[in-house]
Structure formats: C-alpha cells, structure tokens
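Novice: Produce the complete structure using the sequences and hints provided.
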Amino acid sequence: MSLFPTPGLAAEITEELRNGPLSITKLKDHLIKKELRFTNQGMYKALRALRKDDIVFMHKSLVTLNLRWLQHMETFTSLALHAHTDPRSGAGSFLELQDGDRIVYFFKNAVQMDAFWNHVLYILFKAIPKLDRWFTYSSHHWFLLSRREEELELMSYMKNHGIRCLFISAHKTPLDRAVTKDFDGDSAQYTMLDVPLFPKRRNNLGIVLNVLGDYVIEAQYDRRTTQLIEAFYDTHVSVEPDTIRDLEEAVTRKAKIKFVIMKDSRRAKKLSRAFEKYFYVGKGAIIKKVTN
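So the number in the working numbering is just where the residue sits in the sequence shown, counting from 1, plus 2.
Keep in mind that the hints were calculated from the coordinates and are not lab data. Check before you lean on any hint, since a few could be wrong.
[Unchecked claim] Here are the computed lysine-lysine pairs in the PhoX-like style, where the Cα-Cα straight-line distance is at most 20 Å: (1) K174 - K132; (2) K110 - K260; (3) K132 - K265; (4) K265 - K202; (5) K128 - K174; (6) K110 - K279; (7) K62 - K28; (8) K62 - K47; (9) K30 - K47; (10) K271 - K132; (11) K30 - K62; (12) K28 - K47; (13) K202 - K272; (14) K161 - K183; (15) K279 - K174; (16) K110 - K271.
Specialist: Structure representation (structure tokens):
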C-alpha cells in the first residue's frame, strides 16, 4: 500500500475525494473546474493506478477513498506528530531512562498506539545488546489481524536478528486460534491461556505488556475500547473481509489509551520469570510447538 499518491492527476483526484465519494462523472466535472488539462484516458489511467496502490475503491461508477489507506495516513500523521512535537518521542528520551524511571504517553485510539509501539520496539531492539527474547501479553493479539502486514514484518525482523518473539494470549476464542499459523514454535511461539492474568488489576482485560531486557512497556485500554475488542472476539469465528472491517471500527474508535515505557530491571525480571514458564527458551534448545 502506497502512502502518498503520485504527483499530478492522481494527487488531484485524491484531493477531490477528501469530502466524500464521487461518481466518475462528478469527479471529472470537479477536475475540469480546476482547469486541469487531461483526457478521459488519462483520468482512467490515474484511477487504475490509485486502485492498484489501494488508495481508492471503484465500484461501478462510484469512486471512494480506501478507508484502510486513510487509517494508514492517520497513523503516519500521529506518529510523525509525536516524533516532531513531543521531545520525549525521540529515541534518546527512553534510551536514557535510568532504572526505575518511566515515560507516559496517551493515544486517541488503539491503532495509533500500536504504530508508535512498533516504532519504539525497533529502536529498543537495536539498542539492547544481545537481546534474545521479547515477551508480549494481551487479552487478544488483534494487531495480527488488523495490522497484519506491519506485525509480520516486525516478527520477521526479530527472527533475522535472533530475537525470539513469545506471545501470550489470555483467551482461546476461534480468532485467537486463527493466528497460530503465524508461529513456527521456534523463533516465534504462541501460548493461549485458560484464564487471563492479573485478575486483581482493574480492567485487566485491557492490559497489554511487553518485556525486553530491563524494559517493560505497558498499555492500558480505556474500558470502552476493552469492551469493543472483547465483544468482537466473542461474536466472530472466522477471518473474513467483513470481520476485519468490524475489528478496525473497534480499534480506530476515539479513545484514551495510556502507554508507559519504563526501565525497571526488577519488574522486568519478575515478569520474565512469570512468562517463561509458558515457553521453552533454553539456549540451543529445540523449542516446543504452539500451545493450543
């Protein structure tokens, strides 16, 4: 998926669609009013290129912007805004944390949080020497469905750099089971639990945790986002285009999500010990397969 349309007629078409879908006839009228010079053949060529890049959908005579592309744009904008306006977002800030220190951020939906989270992980993976494992715990790893391309790229990066990715899901719903195909039982392992962890924590189904080295990264979804994600997993049983659209509605909904990066060697060791029992990560060992 391309982030930006090709300069020229394709970019002009994209701009005209910002206020809503248009028929091809009305789109042509809008472009003519801008005194652009083009032929019908040129307009259709630009539309085909935009469709190939997943920027627009065309159904019969109606042209509309691809909502997934719009979400990519929103994620890009949010991440860039954090990086350029919040001095704490740069790599230097959380790499310079002393043991016991933390940085807190807030995001307006789960997708923006996940995009920033991956940004942080890539930086930490490069910065932590001899890192060989990364633990992640969540009620459901929804990003393997909704942000699939980005997450598989992250897993591939870890495999290529000798970092085992160790996933723990708090549930065993059909959609939790659906992602087992992404794990090889060696460099990438996946365990599903019978009972969620942290039962004494408020809104414990809204907790997402990562542990890598001395760092602990924790997100806390607001209650409504948690409810929407849980309801989605309770009511869907297969991965279909409509299923993904329903999930994207839940994770792009306006929310207030707390995101904490902490350097806490004591807590990191405690969580690592708690999580390790679900995997076999001995040096040079043959790793057990996915737990069903």
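Novice: All the hints need checking, so say for each whether the structure fits it.
Specialist: We went through each hint and held it up to the structure:
With a CA separation close to 33 Å, the supplied pair K174 and K132 exceeds the 20 Å bound. The hinted pair formed by K110 and K260 meets the criterion: a straight-line CA distance of about 9 Å does not exceed 20 Å. Simply put, K132 and K265 have alpha-carbon atoms about 17 Å apart, close enough for the 20 Å limit, and the pair holds. With a C-alpha separation of about 23 Å, the suggested pairing of K265 with K202 is violated against the 20 Å cut-off.
Straight-line distance between C-alpha atoms of K128 and K174 comes to about 33 Å, which puts the hinted pair past the 20 Å bound. Restraint check for K110 and K279: the C-alpha separation of about 34 Å exceeds 20 Å, so the hint is violated. For the suggested pair K62 and K28, the alpha carbons sit about 14 Å apart, so the restraint of at most 20 Å is met. As the CA atoms of K62 and K47 are separated by approximately 16 Å, the hinted pair is consistent with the 20 Å bound.
Proposed proximity of K30 and K47 is supported: the alpha carbons are some 13 Å apart, at most 20 Å. At most 20 Å may separate the alpha-carbon atoms for a hinted pair to count; K271 and K132 meet this at roughly 16 Å. At most 20 Å may separate the alpha-carbon atoms for a hinted pair to count; K30 and K62 meet this at roughly 15 Å. Pair hint K28 plus K47 holds up; C-alpha atoms about 17 Å apart against a cutoff of 20 Å.
Between K202 and K272 the CA atoms are separated by roughly 17 Å; this keeps the pair inside 20 Å, and the hint holds. At roughly 16 Å between alpha-carbon atoms, K161 and K183 fall within 20 Å of each other, so this suggested pair holds. Restraint check: the Cα-Cα separation between K279 and K174 comes to about 18 Å, which is no more than 20 Å; the hinted pair holds. A hinted pair counts as satisfied when its Cα atoms are at most 20 Å apart, and K110 with K271 does not qualify at roughly 31 Å.
Violated hints, in rising order: 1, 4, 5, 6 and 16; the structure is consistent with all others.
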